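K.L.:
Work out the full structure, taking the sequences as your base and the hints as a guide.
Chains as they are written, first to last, in this note's numbering: chain U, 34 to 146; chain E, 346 to 460.
Check before you lean on any hint, since a few could be wrong.
Unchecked claim - Derived CB-CB ranges, DEER-like:
1. 429/E / 86/U: 41 to 47 Å
2. 145/U / 419/E: 38 to 44 Å
3. 128/U / 419/E: 26 to 32 Å
To be verified - Far from chain U by the CB rule (all over 12 Å, computed), these chain E residues:
4. 423
5. 432
6. 443
Everything labelled a hint here was simulated from the structure, so no lab data went into it. Note that the coordinates shown come from a computational prediction; the quantities given were computed from them, not determined experimentally. Don't be surprised by glycine CBs; every beta carbon is placed ideally from N, CA and C.
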Amino acid sequence: GDSVTQMEGPVTLSEEAFLTINCTYTATGYPSLFWYVQYPGEGLQLLLKATKADDKGSNKGFEATYRKETTSFHLEKGSVQVSDSAVYFCALISSGSARQLTFGSGTQLTVLP
Amino acid sequence: GAGVSQSPSNKVTEKGKDVELRCDPISGHTALYWYRQSLGQGLEFLIYFQGNSAPDKSGLPSDRFSAERTGGSVSTLTIQRTQQEDSAVYLCASSLGGMSSYEQYFGPGTRLTVT
Chain U
34 GDSVTQMEGP
44 VTLSEEAFLT
54 INCTYTATGY
64 PSLFWYVQYP
74 GEGLQLLLKA
84 TKADDKGSNK
94 GFEATYRKET
104 TSFHLEKGSV
114 QVSDSAVYFC
124 ALISSGSARQ
134 LTFGSGTQLT
144 VLP
Chain E
346 GAGVSQSPSN
356 KVTEKGKDVE
366 LRCDPISGHT
376 ALYWYRQSLG
386 QGLEFLIYFQ
396 GNSAPDKSGL
406 PSDRFSAERT
416 GGSVSTLTIQ
426 RTQQEDSAVY
436 LCASSLGGMS
446 SYEQYFGPGT
456 RLTVT
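P.N.:
Put into structure tokens, the structure is as follows:
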């Protein structure tokens with residue numbers, strides 16, 4: 034079945050550091066890929082997405098590129114801020130009939146001033 | 346506009362009791378999803394409704410779990426004879442339709458604690 038493996042946390046960075054959170058997936062066909070973020074005390078919200086190979090999703094300075102050859106969708110940000118502290122989830126929706134999200138285990142990011 | 350709302354926000358129940366969790370999706374969204382977030386299992390899919398089609402129940406962990414969606418809008422997730430392993434945050438999401446390109450908007454969740 035479909036699965037998502039993401040870098041285990043927690044990750045602690047200083048403000049303005051470079052961020053990478055690795056995400057790889059297993060799925061048949063061509064899934065759509067997503068990064069969701071959960072800020073402290075808030076619900077899950079979509080951060081960015083990519084629906085086909087080589088697409089780059091971007092939002093709020095975060096980027097991720099859909100790499101079919103390495104089945105990866107790594108999240109990057111050039112300069113993190115304290116306000117980026119949150120839990121980040123990589124997820125996919127299969128290209129088959131299933132419409133639900135399959136999530137990775139989540140990565141806790143803490144950014145220190 | 347109003348987002349996805351869920352009630353109650355917190356529920357504490359005794360083992361063996363039944364509970365009902367409610368989800369109000371965004372108006373006009375035809376697709377509705379229930380997920381469960383727990384420490385041991387992460388985020389898991391439970392059930393999916395799309396319009397008037399038969400729901401996809403493939404994620405329900407046991408026959409103690411059921412859900413319905415009335416009038417294509419509000420949904421209720423029912424857990425019968427609750428067990429301690431049912432303790433989790435239950436999340437509801439809705440989207441414009443079933444296409445994977447449609448964003449799923451999540452509610453704040455109901456935190457269920459079974460004592």
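K.L.:
Give a verdict on every hint.
P.N.:
A quick look at each hint next to the structure:
Distance hint check: the CB atoms of residue 429/E and residue 86/U are about 44 Å apart, consistent with the given range 41 to 47 Å. Checked against the hint of 38 to 44 Å, the C-beta distance between residue 145/U and residue 419/E comes to roughly 43 Å, which is consistent with it. Hint check: residue 128/U to residue 419/E, Cβ distance near 30 Å, so the stated range 26 to 32 Å holds. Here residue 423/E stays apart from chain U, with its beta-carbon at least about 19 Å from theirs, past the 12 Å limit.
No beta-carbon of chain U comes within 12 Å of the beta-carbon of residue 432/E; the shortest separation is about 18 Å. Separation of residue 443/E from chain U is inadequate, the least Cβ-Cβ distance of about 5 Å not exceeding the 12 Å criterion.
In this structure, only the earlier hint numbered 6 is contradicted, and the remaining ones agree with it.
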